[in-house]
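Asks: Please take these sequences and the hints and turn them into a complete structure.
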Amino acid sequence: MKKYLAVAKATWQEYLTYRTNLFLEVIGGFVAQLVIIAVWFSIFRDLKTEIVAGYSLPEMITYLLGAGIINSFILIASQGDEINDDINRGKLSGFLVKPLSVPFYWLSRDLCRRALTFILGMGEYLVIILILSNYFIPPFSLANFFMFCLAVLLGGILHFFLFYIFSIIAFWMDQTWGPRFVIRVIMSIATGSLIPLSLFPANWQLVFNLLPFKFMAYFPLQIYLGKVSVSEIILGFSALLVWISALIGISVWIWEKGLKKYSAYGN
Amino acid sequence: MIAISVKNLSKNFEYYKKVPGLFGAFKSLFQREKLITEAVKSISFSVEEGELVGFLGPNGAGKTTTLKMLSGILYPSEGDAKVLDYTPWQRQKEYQKQFAIVMGQKNQLWWDLPAMESFSLNKEIYEVPNDQFKKTIDYFSNLLDISDILNVQVRKLSLGQRMKCELVAALLHNPKVLFLDEPTIGLDVVSQQKIREFIKKYNKERKTTILLTSHYMEDVVQLCQRVIIINKGGIIYDGDIQRLIDQYATHKIVTITFKNDIAVDQLTLLGEIVEFDKRRVVLKIPDQNVKENAVRILTAFPVDDILIDEIKVEEIIRHIFQTNK
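Read top to bottom, the protein sequences are chains A and B.
All residue numbers for the first sequence refer to this note's numbering, where the first residue is 1 and numbers rise by one.
All residue numbers for the second sequence refer to this note's numbering, where the first residue is 268 and numbers rise by one.
Keep in mind that the hints were calculated from the coordinates and are not lab data.
Any given hint could turn out to be false.
Claimed, not checked - Far from chain A, some chain B residues (derived; all Cβ distances over 10 Å):
1) G327
2) N409
3) Q428
4) V457
5) K474
6) M484
7) V488
8) D544
9) N556
To be verified - Quick list of the computed label-pair ranges, beta carbon to beta carbon:
10) L206(A) x E305(B): 49 to 59 Å
11) I269(B) x N88(A): 33 to 43 Å
12) Q492(B) x I119(A): 52 to 62 Å
13) Q420(B) x S245(A): 34 to 44 Å
14) S309(B) x L5(A): 38 to 48 Å
15) Q492(B) x A115(A): 46 to 56 Å
No residue lacks a Cβ here, since even glycine has one placed at the ideal position from N, Cα and C.
Replies: Here's what the structure looks like:
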């Protein structure tokens with residue numbers, strides 16, 4: 001454990017030397033989210049209604065602000081690049097000779113970066129929340145807030161393993177950027193961070209329900225706003241845990257296979 | 268005690284032939300030609316504890332592949348190896364804590380951080396106690412003269428400074444076995460010399476078993492008593508480096524500078540002409556004739572200067588590689 005804390009500490013310092021880059025990454029998502037918020041303001045104004053698809057204006061704004069904060073935790077453009085490069089450029093060899101678990105090394109670095117972009121994102125969104133405080137709704141209950149935090153954290157882990165799997169395919173492919181780009185495109189809709197998933201036609205919702213992405217933004221925000229029942233929460237968390245376990249299982253299997261290939265062919 | 272023992276170790280790499288062009292790439296989706304390279308062919312050797320052995324060979328000879336197998340990065344295709352009684356490719360933590368590998372072409376230091384941060388990280392990874400860590404850093408800082416660069420970002424260091432720090436990072440946990448893969452590659456002559464002196468001293472003081480690869484002859488001649496020469500995956504010489512020199516150095520190199528221009532045909536009887544440039548000639552003369560021929564040259568020609576040298580070890584090695592094609 002101490003080893004991985006040391007990895008996290010060094011990673012933290014490394015990212016601080018790139019603070020401008022990190023800041024810009026978070027700012028980019030932030031601006032996009034502000035545009036979406038402005039759009040919803042005008043939709044509510046033009047439709048002259050109180051409720052759109054079960055959301056009041058404050059609920060919608062709170063949903064989008066919350067989604068923005070979650071995005072700073074999971075929407076990282078270069079997600080998986082480092083793992084891909086470590087494998088393809090043979091840097092992995094240097095890790096393999098050390099008494100260290102390489103997947104845990106990557107996970108430590110990843111969580112560290114998430115924490116950093118999250119802190120930056122929090123800072124930005126807190127300003128907007130203050131400005132829009134009339135439209136910002138506090139969590140449904142304290143219990144809901146804790147479950148919301150837990151769901152966000154688990155969603156982040158789910159996100160890591162999903163991209164991790166598509167990064168260690170680098171054992172067989174020279175570049176894994178393509179598949180990861182496709183996931184990112186799907187993710188931008190299917191997490192529900194731009195539009196709540198309940199606004200989509202029924203067929204689409206059926207598909208989104210089968211995908212793991214809704215656990216990254218939509219599910220935690222539903223808990224925050226108190227729009228789901230206790231049984232739905234329990235069901236959701238169970239499904240989330242099943243997804244995480246399944247992805248971990250698959251990733252371990254691919255890792256072992258990949259390592260065998262790496263040891264056979266070298267890099 | 269034997270630290271490293273290698274028995275009939277082989278490594279084959281399989282790969283698919285790449286056909287150039289778009290059509291070729293498309294065709295290879297359906298039909299691929301499998302090729303096999305034998306990077307290491309059934310090599311055997313053993314290294315005693317505390318020995319410093321040079322692993323010599325041209326590019327692609329199989330040196331790095333062998334070191335990678337001994338550090339557990341690669342599985343062998345056949346054969347067996349034991350380092351400190353461990354099978355390297357099982358990658359046991361107990362083994363990993365007792366050896367280190369330094370690859371001259373790859374760095375383990377974190378590029379954007381000062382070297383000291385990488386050292387601290389290795390301290391945790393290898394679970395080095397605090398006081399030992401401090402003592403080791405002090406020891407290396409003095410020996411390598413790097414105390415003033417420990418807190419400078421690695422990317423800002425020169426190649427020589429970086430290699431020194433790479434060595435420190437690898438030696439923090441006081442490994443019993445050390446693999447050095449081209450530790451002096453790309454360094455200037457002064458830095459090369461410093462790294463060599465350090466390796467020599469370290470081996471003497473700590474009794475660390477060191478296997479060193481290089482294609483710089485000087486590294487091996489200065490550091491190692493024993494040399495293993497490898498070419499095209501096979502060992503072609505394993506033994507004392509001096510014996511190798513004695514065995515092959517049957518000639519001397521005589522360089523003569525004349526006061527006037529000389530015609531080349533006058534010299535052909537005296538020895539094999541290696542170089543000729545009007546007033547300067549380089550001759551290769553068999554050992555037993557050197558004295559006699561030198562006297563003849565001095566009396567028969569207007570000699571300005573005459574130099575008699577041993578054949579360079581590089582020449583010997585080149586000769587061995589060429590005759591072993």
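Asks: Hints first: check each against the structure and report whether it holds.
Replies: Now the hints, each set against the structure:
Residue-level check passed: G327(B) sits 13 Å from the nearest beta carbon of chain A, beyond 10 Å. Once the 10 Å rule is applied to beta carbons, N409(B) is consistent with being away from chain A; the minimum gap is 25 Å. Every CB of chain A lies more than 10 Å from the CB of Q428(B), the least distance being 19 Å, so the non-interface label holds. With 10 Å as the threshold on Cβ separation, the claim that V457(B) sits away from chain A holds: the shortest Cβ distance comes to roughly 27 Å.
Every CB of chain A is more than 10 Å from the CB of K474(B) (nearest about 22 Å), matching its label as outside the interface. Non-interface call for M484(B) relative to chain A: holds, since the shortest CB-CB distance, roughly 27 Å, exceeds 10 Å. No beta-carbon of chain A is positioned within 10 Å of the beta-carbon of V488(B); the least distance is around 28 Å. Under the 10 Å C-beta cut-off, the non-interface status given to D544(B) relative to chain A holds; the minimum distance is some 46 Å.
No beta-carbon of chain A is positioned within 10 Å of the beta-carbon of N556(B); the least distance is around 50 Å. Taking 49 to 59 Å as the suggested C-beta distance range, the pair L206(A) and E305(B) conforms, at roughly 56 Å. For I269(B) paired with N88(A), a C-beta distance near 37 Å keeps the hint of 33 to 43 Å intact. Take Q492(B) and I119(A): their Cβ atoms lie about 58 Å apart, and the range 52 to 62 Å holds.
For the hinted restraint 34 to 44 Å between Q420(B) and S245(A), the CB-CB distance of approximately 41 Å keeps it satisfied. Remark: the range hint 38 to 48 Å for S309(B) to L5(A) is upheld by a beta-carbon distance near 45 Å. Between Q492(B) and A115(A) the Cβ separation comes to about 53 Å, which falls inside the hinted range of 46 to 56 Å.
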